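Undergrad: Following the hints, complete the assembly by docking chains V and U onto the known chain X.
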Amino acid sequence: MAIITLTTDFGLKDHFVGAVKGTILSNLPEANIVDISHAIGPFNIQECAYILKNAYRSFPAGTVHIVGVDSEISPENEHIVVLVDGHHFVSANNGVISLITSEVKPEKVFEIQIPNVDSGSFPVLDIFTQVACHISRGGKLEVIGKPFQALKELKDFEPRILNEGRTISGNVIYIDNYGNVVTNIQRSLFEAYRSGRNFEMVARTTKLNTIHKSYNGIVNYDLDRQQRKGPGDALALFNSAGYIELAIYKSDLSSVGGASSLLGLNYRDTVTINFI
Amino acid sequence: MAIITLTTDFGLKDHFVGAVKGTILSNLPEANIVDISHAIGPFNIQECAYILKNAYRSFPAGTVHIVGVDSEISPENEHIVVLVDGHHFVSANNGVISLITSEVKPEKVFEIQIPNVDSGSFPVLDIFTQVACHISRGGKLEVIGKPFQALKELKDFEPRILNEGRTISGNVIYIDNYGNVVTNIQRSLFEAYRSGRNFEMVARTTKLNTIHKSYNGIVNYDLDRQQRKGPGDALALFNSAGYIELAIYKSDLSSVGGASSLLGLNYRDTVTINFI
Amino acid sequence: MAIITLTTDFGLKDHFVGAVKGTILSNLPEANIVDISHAIGPFNIQECAYILKNAYRSFPAGTVHIVGVDSEISPENEHIVVLVDGHHFVSANNGVISLITSEVKPEKVFEIQIPNVDSGSFPVLDIFTQVACHISRGGKLEVIGKPFQALKELKDFEPRILNEGRTISGNVIYIDNYGNVVTNIQRSLFEAYRSGRNFEMVARTTKLNTIHKSYNGIVNYDLDRQQRKGPGDALALFNSAGYIELAIYKSDLSSVGGASSLLGLNYRDTVTINFI
Numbered sequence: 001m002a003i004i005t006l007t008t009d010f011g012l013k014d015h016f017v018g019a020v021k022g023t024i025l026s027n028l029p030e031a032n033i034v035d036i037s038h039a040i041g042p043f044n045i046q047e048c049a050y051i052l053k054n055a056y057r058s059f060p061a062g063t064v065h066i067v068g069v070d071s072e073i074s075p076e077n078e079h080i081v082v083l084v085d086g087h088h089f090v091s092a093n094n095g096v097i098s099l100i101t102s103e104v105k106p107e108k109v110f111e112i113q114i115p116n117v118d119s120g121s122f123p124v125l126d127i128f129t130q131v132a133c134h135i136s137r138g139g140k141l142e143v144i145g146k147p148f149q150a151l152k153e154l155k156d157f158e159p160r161i162l163n164e165g166r167t168i169s170g171n172v173i174y175i176d177n178y179g180n181v182v183t184n185i186q187r188s189l190f191e192a193y194r195s196g197r198n199f200e201m202v203a204r205t206t207k208l209n210t211i212h213k214s215y216n217g218i219v220n221y222d223l224d225r226q227q228r229k230g231p232g233d234a235l236a237l238f239n240s241a242g243y244i245e246l247a248i249y250k251s252d253l254s255s256v257g258g259a260s261s262l263l264g265l266n267y268r269d270t271v272t273i274n275f276i
Numbered sequence: 001m002a003i004i005t006l007t008t009d010f011g012l013k014d015h016f017v018g019a020v021k022g023t024i025l026s027n028l029p030e031a032n033i034v035d036i037s038h039a040i041g042p043f044n045i046q047e048c049a050y051i052l053k054n055a056y057r058s059f060p061a062g063t064v065h066i067v068g069v070d071s072e073i074s075p076e077n078e079h080i081v082v083l084v085d086g087h088h089f090v091s092a093n094n095g096v097i098s099l100i101t102s103e104v105k106p107e108k109v110f111e112i113q114i115p116n117v118d119s120g121s122f123p124v125l126d127i128f129t130q131v132a133c134h135i136s137r138g139g140k141l142e143v144i145g146k147p148f149q150a151l152k153e154l155k156d157f158e159p160r161i162l163n164e165g166r167t168i169s170g171n172v173i174y175i176d177n178y179g180n181v182v183t184n185i186q187r188s189l190f191e192a193y194r195s196g197r198n199f200e201m202v203a204r205t206t207k208l209n210t211i212h213k214s215y216n217g218i219v220n221y222d223l224d225r226q227q228r229k230g231p232g233d234a235l236a237l238f239n240s241a242g243y244i245e246l247a248i249y250k251s252d253l254s255s256v257g258g259a260s261s262l263l264g265l266n267y268r269d270t271v272t273i274n275f276i
Numbered sequence: 001m002a003i004i005t006l007t008t009d010f011g012l013k014d015h016f017v018g019a020v021k022g023t024i025l026s027n028l029p030e031a032n033i034v035d036i037s038h039a040i041g042p043f044n045i046q047e048c049a050y051i052l053k054n055a056y057r058s059f060p061a062g063t064v065h066i067v068g069v070d071s072e073i074s075p076e077n078e079h080i081v082v083l084v085d086g087h088h089f090v091s092a093n094n095g096v097i098s099l100i101t102s103e104v105k106p107e108k109v110f111e112i113q114i115p116n117v118d119s120g121s122f123p124v125l126d127i128f129t130q131v132a133c134h135i136s137r138g139g140k141l142e143v144i145g146k147p148f149q150a151l152k153e154l155k156d157f158e159p160r161i162l163n164e165g166r167t168i169s170g171n172v173i174y175i176d177n178y179g180n181v182v183t184n185i186q187r188s189l190f191e192a193y194r195s196g197r198n199f200e201m202v203a204r205t206t207k208l209n210t211i212h213k214s215y216n217g218i219v220n221y222d223l224d225r226q227q228r229k230g231p232g233d234a235l236a237l238f239n240s241a242g243y244i245e246l247a248i249y250k251s252d253l254s255s256v257g258g259a260s261s262l263l264g265l266n267y268r269d270t271v272t273i274n275f276i
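If you read the sequences in order, they're chains X, V and U. In terms of the working numbering, the first sequence has 271 at position 271, counting the first letter as 1, and numbering is strictly consecutive. In terms of the working numbering, the second sequence has 151 at position 151, counting the first letter as 1, and numbering is strictly consecutive. In terms of the working numbering, the third sequence has 195 at position 195, counting the first letter as 1, and numbering is strictly consecutive.
Since the hints were made in silico from the structure, they are not lab data. Just so you know, not all the hints are guaranteed correct.
In this list, chains with the same sequence are indistinguishable; a pair is considered to hold if it fits within one copy or across any two.
Said to hold, decoys possible - Straight-line Cα separation of at most 25 Å, DMTMM-like style, residue types lysine to aspartate or glutamate; simulated pairs:
{"id": "1", "residue 1": "K213", "residue 2": "D35"}
{"id": "2", "residue 1": "K250", "residue 2": "E78"}
{"id": "3", "residue 1": "K250", "residue 2": "D222"}
{"id": "4", "residue 1": "K213", "residue 2": "E72"}
{"id": "5", "residue 1": "K213", "residue 2": "E142"}
{"id": "6", "residue 1": "K213", "residue 2": "E111"}
Small disclaimer: the values here were computed from a predicted structure and weren't measured.
For reference, chain X alone in the conformation it holds in the complex (with noise of 0.2 Å):
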């Protein structure tokens, strides 16, 4: 069954999201539409990789991804097919493509052009269906456009090695639904310099010497509760999507808060990691 995901700021109260499926659903009944994402922060291009980028990968090749964020057509922003990975990306070329393939290089990029289609204030719609549905029939690139070479490159944060690699400077790049903080240090980074050396990571004014696999590595399980490090305290582990991120432990971030908001960490805010 062919699947096509969404990933847009379209928020889930308005027509948006039901007029792209129903269209979708005209133009292909048999397809499987999946949700990433409609909850993207407007026009926000950085927020759109970053969960794109997370969730791409474990979907099947040949999925279709349509990306729904800042896609209106103009001379600067041309509409694209990106070939990646087995995936296909239908949007605009805005630089979230840049951003979500960093490490891996697009196989295929082509412009669309459909002739006699009318790209309005809605091309989500009007054309970005209509090439997922093509796409997923099993349709040639070369019938709904060209290929382009000018792929808009956007750069995201990157850490910053310093002090003769003793120190490893990074930024907050996300913060998830539990208030988690992300910084864009990877572990594989963190590996390449630690050295088996020791380290303190600074966060404000949060320190931190140990980077646990799972948030209940805190959690020392052969204390008594009581003695135990455990819910309210902060921790640092190396997430599922591969960074380090701050978490305080089984915190609420509705009612005491979460690792943002406790610890005063916002986006882009400096995480620094000095091997002792």
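TA: Coordinates of chains V and U only, in the frame set by chain X:
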């Protein structure tokens, strides 16, 4: 595959939506259930009609739409099925159908009467799912009800033509996920009265004299970025649903605000077009 | 078609839900994945149990339910599969199953043990999807685990019978999307103790002596509209899940408020019924 859509004010947290989907799948395992919205304001018929009206037309003929807003049965609020435009709507007779079908005449209207089924406080679960599955299986309306003549008429705001056709006075009917302000002035009405004249649109203190076909219509890409209009500037456009809409270009509702908050425009407020 | 449901505290913004769905579809392309809720309060076992208990029964036997709340494995929180009532639940042994199955005895309880799979910080993705797909394909529980005896018991508030059966003292267990207040007093308990007597229900300063079968049960349609009870009036009803619930008729939580805010009733608060 039989498509059944859901438009309700249930929200996405409680068990309501899950229970409805489980019941449909128990009755019709091959049903393709599509959420249009579960974030309609409680009992808000106007909002429900606006969203469903602009979504249902994208679905293929034969789709059954369950309308789960203000659906308790009473002597003044019968349960009905309406066939319009190849689509079936299963709803209460609370006026929502008259708002959705203001431009098309229903082909069939039936009152739902299922013997031995008690309609309690959750008729979408107990009644509407049964009716939707019956229709999706190709069942006749005669089996689950009888022809009904008393379809409730509800009038939405209508734009008024004033000053011998020199003024159109409309109202805000919806504020979307971006804070964009949708008026009830349709493009067709505007064009019918314009007769090639210039115009000034007035919405509180905002005055505009161009209506674009896309959001980035305000951007003059021939100019340098510093000299262009762009993010943060107000504009009017004919939106994808055919209405005149006021927007702030690329505005983020959660930080700086949207057209609604920045231009001070709320539901029912007046938007006037004066032809010059 | 194999149905797999999801009930989690992941929220709908992050990549979590999309990644889980992609993984399931990679393993079992014909899976029909249904969201029950992703808005459970973080680590809120009681809320999760209330919602899932009232949703799962609507699904056909053979459905597999993934429970993604507080699911990290630990010496005190094993991963388990439970067969109840023809439904399989894949969960952590955190007590949620005992709350869901308080009225039915599990037929099978297995501890999940999959060799060579590392359960990190995202066990729903790494473990639960594999188990759910295995069961949906008709696989035996013996292949992915072993019988387990230590199902964690968690007791929810239970209503107390006082004054020699003249009083039922219950508690608020849930507040829904409309602000309606659900108590733990089931209709069956109420009827068992009533014995034809009149009663007064007391919830803070609110006193009611009728329990309706639908929300509009308080409306006397024989009276003129001005003389009727209607929108804004408080009522009690037996809700569709079988519990006594307090509501404000047709109230809008986001503007005037709901029963919770207007009657001052929060989670755990006492609701008393005195038979007279």
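Undergrad: Give me the numbers of the hints this structure contradicts, sorted from smallest to largest.
TA: 1, 5
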